[in-house]
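Number of protein chains: 2
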Amino acid sequence: MNVVPMNATVARAALSRLFEPSDTVGLGLVSLVGPVDGLRIVRRDIDAGGEMRQRLRELLGMTGGRRDPLDEGLARWAPRLRDLAPERDLTTLARLGGRLLIPECEEWPEALNDLQEAAPLCLWVRGAHEIPRVNRMVSIVGSRDSTSYGSSVTTDLASGLSARGFSVVSGGAYGIDAQAHRAALASAPGDESPPTVGVLACGVDRYYPAGNEELLRTIVDRGLLISEVPPGSSPTRWRFLQRNRLIAALSAVTVVVEARWRSGALNTAHHAAGLGRPVGAVPGSVYSANSAGCHRLLRDGTAVCVADAADVAELAGPLGSEPAGDQAREADVRSREQDGLTIPDLLLFDALPVRSSTTVDKLSVVAGLATRDVITGLARLELAGLAMRTGEGWRRGKS
Amino acid sequence: MNVVPMNATVARAALSRLFEPSDTVGLGLVSLVGPVDGLRIVRRDIDAGGEMRQRLRELLGMTGGRRDPLDEGLARWAPRLRDLAPERDLTTLARLGGRLLIPECEEWPEALNDLQEAAPLCLWVRGAHEIPRVNRMVSIVGSRDSTSYGSSVTTDLASGLSARGFSVVSGGAYGIDAQAHRAALASAPGDESPPTVGVLACGVDRYYPAGNEELLRTIVDRGLLISEVPPGSSPTRWRFLQRNRLIAALSAVTVVVEARWRSGALNTAHHAAGLGRPVGAVPGSVYSANSAGCHRLLRDGTAVCVADAADVAELAGPLGSEPAGDQAREADVRSREQDGLTIPDLLLFDALPVRSSTTVDKLSVVAGLATRDVITGLARLELAGLAMRTGEGWRRGKS
Numbered sequence: 360m361n362v363v364p365m366n367a368t369v370a371r372a373a374l375s376r377l378f379e380p381s382d383t384v385g386l387g388l389v390s391l392v393g394p395v396d397g398l399r400i401v402r403r404d405i406d407a408g409g410e411m412r413q414r415l416r417e418l419l420g421m422t423g424g425r426r427d428p429l430d431e432g433l434a435r436w437a438p439r440l441r442d443l444a445p446e447r448d449l450t451t452l453a454r455l456g457g458r459l460l461i462p463e464c465e466e467w468p469e470a471l472n473d474l475q476e477a478a479p480l481c482l483w484v485r486g487a488h489e490i491p492r493v494n495r496m497v498s499i500v501g502s503r504d505s506t507s508y509g510s511s512v513t514t515d516l517a518s519g520l521s522a523r524g525f526s527v528v529s530g531g532a533y534g535i536d537a538q539a540h541r542a543a544l545a546s547a548p549g550d551e552s553p554p555t556v557g558v559l560a561c562g563v564d565r566y567y568p569a570g571n572e573e574l575l576r577t578i579v580d581r582g583l584l585i586s587e588v589p590p591g592s593s594p595t596r597w598r599f600l601q602r603n604r605l606i607a608a609l610s611a612v613t614v615v616v617e618a619r620w621r622s623g624a625l626n627t628a629h630h631a632a633g634l635g636r637p638v639g640a641v642p643g644s645v646y647s648a649n650s651a652g653c654h655r656l657l658r659d660g661t662a663v664c665v666a667d668a669a670d671v672a673e674l675a676g677p678l679g680s681e682p683a684g685d686q687a688r689e690a691d692v693r694s695r696e697q698d699g700l701t702i703p704d705l706l707l708f709d710a711l712p713v714r715s716s717t718t719v720d721k722l723s724v725v726a727g728l729a730t731r732d733v734i735t736g737l738a739r740l741e742l743a744g745l746a747m748r749t750g751e752g753w754r755r756g757k758s
Numbered sequence: 360m361n362v363v364p365m366n367a368t369v370a371r372a373a374l375s376r377l378f379e380p381s382d383t384v385g386l387g388l389v390s391l392v393g394p395v396d397g398l399r400i401v402r403r404d405i406d407a408g409g410e411m412r413q414r415l416r417e418l419l420g421m422t423g424g425r426r427d428p429l430d431e432g433l434a435r436w437a438p439r440l441r442d443l444a445p446e447r448d449l450t451t452l453a454r455l456g457g458r459l460l461i462p463e464c465e466e467w468p469e470a471l472n473d474l475q476e477a478a479p480l481c482l483w484v485r486g487a488h489e490i491p492r493v494n495r496m497v498s499i500v501g502s503r504d505s506t507s508y509g510s511s512v513t514t515d516l517a518s519g520l521s522a523r524g525f526s527v528v529s530g531g532a533y534g535i536d537a538q539a540h541r542a543a544l545a546s547a548p549g550d551e552s553p554p555t556v557g558v559l560a561c562g563v564d565r566y567y568p569a570g571n572e573e574l575l576r577t578i579v580d581r582g583l584l585i586s587e588v589p590p591g592s593s594p595t596r597w598r599f600l601q602r603n604r605l606i607a608a609l610s611a612v613t614v615v616v617e618a619r620w621r622s623g624a625l626n627t628a629h630h631a632a633g634l635g636r637p638v639g640a641v642p643g644s645v646y647s648a649n650s651a652g653c654h655r656l657l658r659d660g661t662a663v664c665v666a667d668a669a670d671v672a673e674l675a676g677p678l679g680s681e682p683a684g685d686q687a688r689e690a691d692v693r694s695r696e697q698d699g700l701t702i703p704d705l706l707l708f709d710a711l712p713v714r715s716s717t718t719v720d721k722l723s724v725v726a727g728l729a730t731r732d733v734i735t736g737l738a739r740l741e742l743a744g745l746a747m748r749t750g751e752g753w754r755r756g757k758s
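Top to bottom, those sequences are chains G and R. Note that our numbering numbers the first sequence so that position 124 is 483, with each residue one more than the last. Note that our numbering numbers the second sequence so that position 80 is 439, with each residue one more than the last.
Chain G with its partners taken away, still in its complex shape (with noise of 0.2 Å):
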């Protein structure tokens, strides 16, 4: 699948041990001077060169001050440079049956290109299916503990998404997130479906946490698994909260079922918001604490109000665009048959007696309209059913 020389690849495999996710200097290197430049600088292999270490301080915006970016990135890596062994890594990521995404090849997400200097070096994968494209993706996120209101809401969103074809994106995390890539495997059994896709904060060997080792081996098999940080990286907080831009960078919507006041899911859903991406929050109870977080994104405008998967896939566009309507919505709909008079139909309408009969004399004063616009207007409401003769005048029709 790579057509690229495999030192690029070995290169980015090597960074992203030594980078922390989002590490702005050492990105700003490797764009300045490609990946495997990029390592043999921060091997200390070749010098960077005062041009060099110039037009980074600028890509990072660093007008003054007498501090060096590379410098200060280059005491940051070198701890970690001892025991660096990229082919190592890949050997392993192999063996595992996975695959490493760079920029340079194919399969290459282009939607991560919207985080810009921000765009991770490399996507450690397993799995069999390719990454879909951005406007079949949809994050479903939230809190790790979830009310049974939670589950429900994320259980029918993954379901109605998956079979509207979207791969549904989460972060492999209890509570909402595993409903949320669960309910997307049991409806999506065939090899055409759309996969599901963990993003995770540790490498893709790891199967934390230890109470959904099985479901992310079942990702594993039936979707994909999917981190920027090598085989072996343990999850940290800062790792959670760079793999939340992932989450939301891959996705076309990004939905937060459930959140606290303060909640990781939060954090992705503005990483979405940042990078122009919708976001929807799913209502809840105002007494509920675990839907206060999506409140607030309603309240602050970060967030869309959604209900079912219908206005999610209204919110990732063309590819899922339908007309939204559940059941209750219909119903309430068809029960107003009336509701599409003009005002004077309206007003002879309410005059019509439902159970006794009535003249056109007293209809025109009862609805304050001329005698001759009553004539016309029974006409025409009889014609819709709405109103009907009797032996002595008027009254409302049976519909």
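Simulated from the structure, these hints should not be mistaken for lab results. Certain hints may be false.
It does not matter which identical chain is meant; a pair holds if it fits inside one copy or across any two.
[What the hints assert, rightly or not] Subject to a maximum C-alpha distance of 25 Å in a straight line, what follows is the list of computed DMTMM-like cross-link-like pairs (lysine to aspartate or glutamate): (1) Lys757 - Glu741; (2) Lys721 - Asp442; (3) Lys721 - Glu431; (4) Lys721 - Asp430; (5) Lys721 - Glu751; (6) Lys721 - Asp709; (7) Lys757 - Asp732; (8) Lys721 - Glu446; (9) Lys757 - Asp709; (10) Lys757 - Asp720; (11) Lys721 - Asp732.
These numbers come from a predicted model, not from an experiment.
Mind docking chain R on chain G? Use the hints.
Quick look at chain R alone, frame taken from chain G:
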């Protein structure tokens, strides 16, 4: 209380029986010639004249066509002329302890003028209080068939808003409306308390719906009952729809607690939004048909998500502004003392073991930080109680 000539009051009382609410032709006529001459024209005591008819056409934005709006109006109003008895209506109102407010008098709510050409002719009012200023009024509206969730939220909102000095405005209907009035009455026992305001689609002498008679009588005693239609008038669909514009116009904020996908409460919300007044919608379960209308308002951007009285007060502006914060939020915020850390310190904190100890060198590999940054970072974390020195090195602090 009224220092204006009696004939303006009598004329407006009469016209409010002849014209249905928001009769644009009738209201246009009054805006051109005033209520007294308007009534004389309607009664055909005087002729409107060609120039006035032309000005009326222009006011109504009718540039062409052969139909004359005034002639149509005269035909519409004629059937009701026979039984016109404004002095009798005013006597009825006075006997009930009520008063008629007209735009010419001091107590007239300025806020109604925001309705422009749809401002009511007059207000038939019962209750001892003056109508509060718009920035002290919040309307709470919603489904007639409210759920227990909707009732609870309504109670909390109305109580919280009353306690903050707001008048709770609603429509006196079953469900959310009644609950809003009840909670406002319960939390505002004193004469100094903000009165709850019921805005009716029928005359203020009628207790509609019948099941709310006792509540409506209590509102007369301790709050305000308002209508733009004269005593004896029955509620019709048109009058309900138009009544909604009065609720919206009288209030600084309109809150929809529960509403189906199609609901009169949405009509009130759209009136408020059209007036540029903030609209709040209370979120709820996506499985509740009674919240579907609220979610619709949130989704289409008509309403802002409100979860408690503090959120609503904030929308109402300066008077009620105060830092939002329920217990769940505060507890959630307190629990994250590491949130304020810089990125390097967060990386370092993550790298610190909880149970065992580690060395500065190991920390620099795990955290991906230069040795000197680990040393200075540990000093900061130690000060914050997040790191502690042990015999063997460093570990997480016990705080």
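How the hints compare with the structure:
1. Taking the shortest Cα distances, Lys757 and Glu741 sit within 25 Å of each other inside one copy (10 Å), while across copies they are farther apart (80 Å).
2. In this assembly of identical chains, Lys721 and Asp442 lie within 25 Å of each other by CA distance solely across copies; the values are 12 Å between and 96 Å within a copy.
3. Taking the shortest Cα distances, Lys721 and Glu431 sit within 25 Å of each other only across copies (18 Å), while inside one copy they are farther apart (91 Å).
4. Taking identical chains as interchangeable, the C-alpha atoms of Lys721 and Asp430 lie at most 25 Å apart only when they sit on different chains, with a minimum of 20 Å there against 93 Å within one chain.
5. For a Cα distance limit of 25 Å, the shortest separation of Lys721 from Glu751 inside one copy, 12 Å, qualifies, whereas the shortest one across copies, 98 Å, does not.
6. In this homomeric assembly, Lys721 and Asp709 come within 25 Å of each other (Cα to Cα) only inside a single copy, at 13 Å, whereas the closest approach across copies is 81 Å.
7. For the homomeric pair Lys757 and Asp732, the shortest alpha-carbon distance inside one copy (22 Å) is at most 25 Å, but the shortest distance between copies (83 Å) is not.
8. Taking the shortest Cα distances, Lys721 and Glu446 sit within 25 Å of each other only across copies (23 Å), while inside one copy they are farther apart (94 Å).
9. In this homomeric assembly, Lys757 and Asp709 come within 25 Å of each other (Cα to Cα) only inside a single copy, at 14 Å, whereas the closest approach across copies is 72 Å.
10. Taking the shortest alpha-carbon separations for Lys757 and Asp720, only the intra-copy value of 22 Å comes in at or below 25 Å, while the best inter-copy value is 87 Å.
11. In the homo-oligomer, the alpha carbons of Lys721 and Asp732 lie at most 25 Å apart inside one protomer (13 Å), although the nearest pairing across protomers, at 90 Å, exceeds that limit.
In terms of the numbered hints stated before, the structure departs from none.
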